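Chemist: Sequence:
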Amino acid sequence: MKKTFLKLFLTFALISTAFAGAFILSFTVSPEDDNAVIRWTTAQETNISKYIIERRSPQGPFIELVTINPTGSNSSYEYKDKGAYKTNDILFIYRLKIVDIDNTITYSDERSISLNVSGVKRTWGSIKAMFR
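Using numbering that gives the first Met the number 0, you'd call the opening residue of the sequence shown number 0 and step up by one each time.
Derived CB-CB ranges, DEER-like: (1) 57 x 101: 28 to 36 Å; (2) 81 x 101: 27 to 35 Å; (3) 36 x 56: 17 to 25 Å; (4) 103 x 32: 35 to 43 Å; (5) 113 x 68: 28 to 36 Å; (6) 33 x 58: 20 to 28 Å.
It should be emphasised that the hints constitute simulated quantities derived from the structure, not laboratory data.
Since this is a predicted model, take the numbers as computed values, not measurements.
Ideal placement from N, C-alpha and C gives every residue a C-beta, glycine not left out.
Assemble the whole structure, with the sequences as input and the hints as a guide.
Modeler: The structure is reproduced here in structure tokens:
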């Protein structure tokens, strides 16, 4: 019993320090109305400066989409990536860049999503972007 408890405690300690000072309970990406919705929840946030959501296509590098400030332990976060359908790619890969207050950077696991957006919507989005 003590060995099992010790193993569980050590596993928890290793995981909780794996992402700077954040213990990520869940990290998901799901399609919603032609957008990608990124959600994550934390159990613990210690010395976290910010979260940065990054996206890439299979052929490209990660680009930073948005910076989100931490709200404290036991928090849920959500971001809707409305710009994904504006590209010609169908598959997108997301990750969290977790920045500690001393600028230590760690990354979450990657999550991928496939968005099948019509060519009409993709073209209309490009036209609107030209006139902004």
